[in-house]
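Engineer: Spelled out from the first residue to the last, the chains are:
Number of protein chains: 2
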Amino acid sequence: MAAEHYTFGPYKIHPSEVFYATDLSYAMVNLRPLLPGNVLVCSRREVKRFVDLTADETSDLWHTAKQVGSKLELHHKASSLTFAIQDGPQAGQTVPHVHIHIIPRKTGDFEKNDEIYDAIDVKEKQLKEKLDLDIERKDRSFQEMAGEADEYRALFL
Amino acid sequence: MAAEHYTFGPYKIHPSEVFYATDLSYAMVNLRPLLPGNVLVCSRREVKRFVDLTADETSDLWHTAKQVGSKLELHHKASSLTFAIQDGPQAGQTVPHVHIHIIPRKTGDFEKNDEIYDAIDVKEKQLKEKLDLDIERKDRSFQEMAGEADEYRALFL
Numbered sequence: 001m002a003a004e005h006y007t008f009g010p011y012k013i014h015p016s017e018v019f020y021a022t023d024l025s026y027a028m029v030n031l032r033p034l035l036p037g038n039v040l041v042c043s044r045r046e047v048k049r050f051v052d053l054t055a056d057e058t059s060d061l062w063h064t065a066k067q068v069g070s071k072l073e074l075h076h077k078a079s080s081l082t083f084a085i086q087d088g089p090q091a092g093q094t095v096p097h098v099h100i101h102i103i104p105r106k107t108g109d110f111e112k113n114d115e116i117y118d119a120i121d122v123k124e125k126q127l128k129e130k131l132d133l134d135i136e137r138k139d140r141s142f143q144e145m146a147g148e149a150d151e152y153r154a155l156f157l
Numbered sequence: 001m002a003a004e005h006y007t008f009g010p011y012k013i014h015p016s017e018v019f020y021a022t023d024l025s026y027a028m029v030n031l032r033p034l035l036p037g038n039v040l041v042c043s044r045r046e047v048k049r050f051v052d053l054t055a056d057e058t059s060d061l062w063h064t065a066k067q068v069g070s071k072l073e074l075h076h077k078a079s080s081l082t083f084a085i086q087d088g089p090q091a092g093q094t095v096p097h098v099h100i101h102i103i104p105r106k107t108g109d110f111e112k113n114d115e116i117y118d119a120i121d122v123k124e125k126q127l128k129e130k131l132d133l134d135i136e137r138k139d140r141s142f143q144e145m146a147g148e149a150d151e152y153r154a155l156f157l
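In order, the protein sequences belong to chains A and B. Numbered according to the UniProt record's numbering, the first sequence spans residues 1 to 157. Numbered according to the UniProt record's numbering, the second sequence spans residues 1 to 157.
Calculated from the structure, these hints are not laboratory results. A few of these clues could be false.
Note: identical chains are not told apart, hence a pair may lie in one copy or across any two.
[As the list claims (entries may be wrong)] Derived DSS-like pairs: lysine-lysine, alpha-carbon spacing no greater than 27 Å straight-line:
| # | residue 1 | residue 2 |
| --- | --- | --- |
| 1 | 48 | 77 |
| 2 | 106 | 48 |
| 3 | 12 | 48 |
| 4 | 12 | 71 |
| 5 | 77 | 106 |
| 6 | 106 | 71 |
Could you build the full structure based on these sequences and the hints that come with them?
Structural biologist: Below, the structure written as structure tokens:
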């Protein structure tokens with residue numbers, strides 16, 4: 001499971017931000033979560049499009065997402081989950097590496113349930129800008145993210 | 001592959017509307033597609049939540065979605081795909097049966113890329129109302145839907 005770093009498109013993700021991993025997939029906390037428990041599940045191999053994943057990678061990615069979603073829904077006392085892949089730039093993908101957005105959902109978490117999707121895109125663009133510009137992360141400290149990842153990692157022990 | 005009808009929550013789906021099926025999953029055209037090629041991939045077994053699927057069902061559902069998405073993207077000359085599961089009522093699910101929304105995407109298909117998600121929910125609610133009320137389908141005829149399903153079925157021969 002341990003890796004020196006995980007690849008997310010052109011970016012390197014520190015293992016402290018990764019709370020669960022298999023040989024083919026990993027789950028990480030978000031720089032700016034939309035809602036508590038909003039995480040990403042990524043393929044370990046850097047591929048742009050969902051169709052580029054092998055059969056094993058496809059299965060593993062979604063088994064991982066299912067497990068992660070289930071544990072985080074319970075952990076955050078939520079009652080539903082949003083799973084989404086923005087597969088390609090015209091679908092709102094800004095980091096060209098297959099990843100599933102998982103968001104634990106509760107009644108009234110967004111005024112209209114669907115605003116969540118607007119927010120996914122805005123945040124993904126912000127993530128890209130942040131990482132592109134290599135600006136110091138102001139929104140969440142590394143410690144805060146590592147702490148959240150520790151919390152989630154414990155769910156899989 | 002043939003079945004007398006397919007189950008979608010409390011509804012029966014006529015095989016004419018189903019264009020691809022495996023032992024565990026099926027893909028059907030939409031009563032009111034948001035964009036050309038907007039289809040649903042469902043588990044054949046009626047379960048409400050993604051976590052309720054077995055490992056085999058999970059793999060099969062997403063292998064099916066990958067294949068269907070890939071073929072419809074090409075067929076509709078699109079350049080990206082949206083994949084989404086609204087997993088539970090607080091995530092916008094209105095038909096309590098696991099299903100993946102697949103939508104081929106192109107530049108400028110929606111003014112803002114994310115309006116697609118608002119539309120998914122509205123249409124799903126309309127589908128439910130339509131089927132609940134058993135009103136004659138005004139928006140698309142059975143013939144039109146069967147014709148579209150025929151067109152897509154040919155992609156898998």
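Engineer: Would you mind marking each hint as holding or not holding in the structure?
Structural biologist: Status of the hints after comparison with the structure:
Within a single copy, residue 48 and residue 77 get their C-alpha atoms only as close as 33 Å, which misses the 27 Å cut-off; across copies the closest is 18 Å, which meets it. Taking CA atoms no more than 27 Å apart as the test, residue 106 paired with residue 48 passes between copies only; the shortest distance there is 17 Å, against 31 Å inside one copy. For the identical chains of this complex, residue 12 and residue 48 are intra-copy neighbours only, at 16 Å inside a copy versus 37 Å across copies, given an alpha-carbon limit of 27 Å. Taking the shortest Cα distances, residue 12 and residue 71 sit within 27 Å of each other inside one copy (26 Å), while across copies they are farther apart (33 Å).
With identical chains, the CA atoms of residue 77 and residue 106 are at most 27 Å apart within one copy only, with a shortest distance of 8 Å there and 37 Å across copies. Within a single copy, residue 106 and residue 71 get their C-alpha atoms as close as 15 Å, which meets the 27 Å cut-off; across copies the closest is 35 Å, which misses it.
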